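J.: Below, each chain spelled out in residue letters.
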Amino acid sequence: MRVGDTTMSTIEWALGAESERQRVTAHNIANINTPGFRSSRLEFESSLAGAMQSNGSASATWTTRAANTPQNLNGNDVSLEAETQILNKSNLHYEALASALSMKFTALRSALGR
Amino acid sequence: MALFGALDAASSGLTVSRVWLDAISDNVANVNTVRSPDQEPFRARMVVVSAVSRGATETGGAHVDAIANRPGDPNWIYDPTHPLADERGYVLGANVDLGVEMTNMIIANRSYQANLRMIEVATDTYRSALQIGRR
Amino acid sequence: MVIPSVSAIRPVTAPTTIDKAGAASGSTNTFVKGLENVQASLDNADKLAGQLANGQLTDVHTYMAAATKAELAVQMTVAIRDKAVEAYQEIMRMQV
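Chains as they are written, first to last, in this note's numbering: chain U, 158 to 271; chain P, 11 to 145; chain R, 151 to 246.
These aren't lab readings, by the way, just hints derived from the structure by calculation.
Bear in mind the structure is a predicted one, so any value in this text is a computation, not a measurement.
Ideal Cβ placement from N, Cα and C applies to all residues, glycine included.
A hint or two may mislead.
Think about it this way: if two alpha-carbon atoms lie no more than 25 Å apart in a straight line, the pair counts; the simulated DMTMM-like pairs of lysine to aspartate or glutamate are [as the list claims (entries may be wrong)]:
#1 R:Lys233 to R:Asp196
#2 R:Lys183 to U:Asp162
#3 R:Lys233 to R:Glu221
#4 U:Lys246 to P:Asp134
#5 R:Lys233 to R:Glu186
#6 R:Lys197 to U:Glu177
#7 R:Lys183 to R:Glu221
#8 R:Lys197 to R:Glu186
#9 U:Lys246 to P:Glu130
#10 U:Lys246 to U:Asp234
#11 R:Lys183 to R:Asp232
#12 R:Lys197 to P:Glu68
#13 U:Lys246 to U:Glu200
#14 R:Lys197 to R:Glu221
#15 R:Lys197 to U:Asp162
#16 R:Lys183 to R:Asp196
#17 U:Lys246 to U:Glu202
#18 R:Lys183 to R:Asp193
Here are the computed distance ranges between Cβ atoms for each label pair [stated by the list, open to error]:
#19 P:Leu108 to R:Gln206: 44 to 52 Å
#20 U:Gln210 to R:Val235: 43 to 51 Å
#21 U:Glu238 to P:Thr43: 36 to 44 Å
#22 U:Gly232 to P:Ile87: 18 to 26 Å
#23 U:Gly173 to P:Arg28: 25 to 33 Å
#24 P:Asn119 to U:Ser203: 32 to 40 Å
#25 R:Asn194 to P:Ala39: 56 to 64 Å
Bound-form chain U, shown alone (with noise of 0.2 Å):
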């Protein structure tokens, strides 16, 4: 008996990435100040859009890229509005997935009875 199809994996790998994003946000606002600090931004959706298309020859991935947000006297270019914005999006993302996959363990219980 394995527990879980593509669709639970799916979510799994979405919720990974998602926590990867807060970690690259939290050093961004870490660094708001820092003179010279380049934000960054992890892409993953384009990835795992093609990596369920493709039906599991290609694997998906999360990068990074850099932000280029403009720099501002000290060289730094952390945008707060779009840290929040991103922020605030990944949270309420990640809460979702977590609302999808137990709802996921949910049906395999009702379908065993309890």
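Got chain U; can you put chains P and R on it based on the hints?
T.: Quick look at chains P and R alone, frame taken from chain U:
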């Protein structure tokens, strides 16, 4: 530990902001500090900050490398009646610019709030992870 | 009314050899494999719990998902076993 790593980075950001605020308040408190010319004048303090490398196991964040004196020429003040004045009547003032310090205070406070908010949201996220599979 | 004649009673033939448990059409092998999978998922949950304890785990949802899967796998095994026992008891109740 690597678990809840976003909290470590945010907490390092809080520390950096707090150290900066401490330096700023020290500067503001000493804006009127004068010394006699045969001593070192009070020099405004500034924090030197750099980013901590972030990787698979390293959580990243920011770090205070040093607290340095703000460079610049000394602030000669003509005050012959001052007990510390030299024979020409000058004392050495502090090189604290209140305008700069007030601006920095607002920036440092804002960064403190931003890191605090990061901690709140990350904690919220981790809590929803702990609900997975619960009945 | 025509009463049909009764045919002769056929002799009782010896039963065909009962296969040893485990060899019948591979269904028991599937069950054993299933049990191995359950054990593997329990072991995986334990491994992640250990990493959670010593701080090596990066994401807590990995452990939560693995623990839930292991729990459900055990429940499924129990459900299958209960059904098998029930079926056996049903057979045992049959009047021969």
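J.: Has the given pair, Lys246 of chain U with Asp234 of chain U, been kept, meaning a C-alpha gap of at most 25 Å?
T.: holds, 21 Å
J.: Quick one, are Lys233 of chain R and Glu186 of chain R close enough, alpha carbons at most 25 Å?
T.: Holds. Lys233 of chain R to Glu186 of chain R sits at ~19 Å (cutoff 25 Å).
J.: Can you tell me whether the CB distance of Asn194 of chain R to Ala39 of chain P sits inside 56 to 64 Å?
T.: With Cβ atoms ~58 Å apart, the hint holds.
J.: With respect to the beta-carbon atoms only, verify the hint that Gln210 of chain U and Val235 of chain R lie 43 to 51 Å apart.
T.: holds, 45 Å
J.: Is the hinted pair Lys183 of chain R and Asp193 of chain R satisfied, with a Cα-Cα distance of at most 25 Å?
T.: holds, 15 Å
J.: Check whether the Cα positions of Lys183 of chain R and Asp196 of chain R lie no farther apart than 25 Å.
T.: holds, 20 Å
J.: Does Glu221 of chain R sit within 25 Å of Lys183 of chain R, going by the straight-line distance between their CA atoms?
T.: holds, 17 Å
J.: Is the distance from the Cβ of Leu108 of chain P to the Cβ of Gln206 of chain R consistent with 44 to 52 Å?
T.: Between Leu108 of chain P and Gln206 of chain R, where Cβ atoms are some 50 Å apart, the hint holds.
J.: Assess, step by step, whether the Cα of Lys197 of chain R is no farther than 25 Å from the Cα of Glu186 of chain R, and give holds or violated.
T.: Answer holds: Lys197 of chain R to Glu186 of chain R is near 16 Å, not above 25 Å.
J.: Sort out whether Asp232 of chain R lies within 25 Å of Lys183 of chain R, counting only the CA atoms.
T.: At roughly 18 Å apart (the allowed maximum being 25 Å), Asp232 of chain R and Lys183 of chain R satisfy the hint.
J.: Are the Cα atoms of Lys246 of chain U and Glu200 of chain U separated by 25 Å or less?
T.: holds, 14 Å
J.: Are Lys246 of chain U and Glu202 of chain U close enough, with their CA atoms no more than 25 Å apart?
T.: holds, 14 Å
Taken one by one, the earlier hints fail for this structure at numbers 1 and 22, listed in ascending order.
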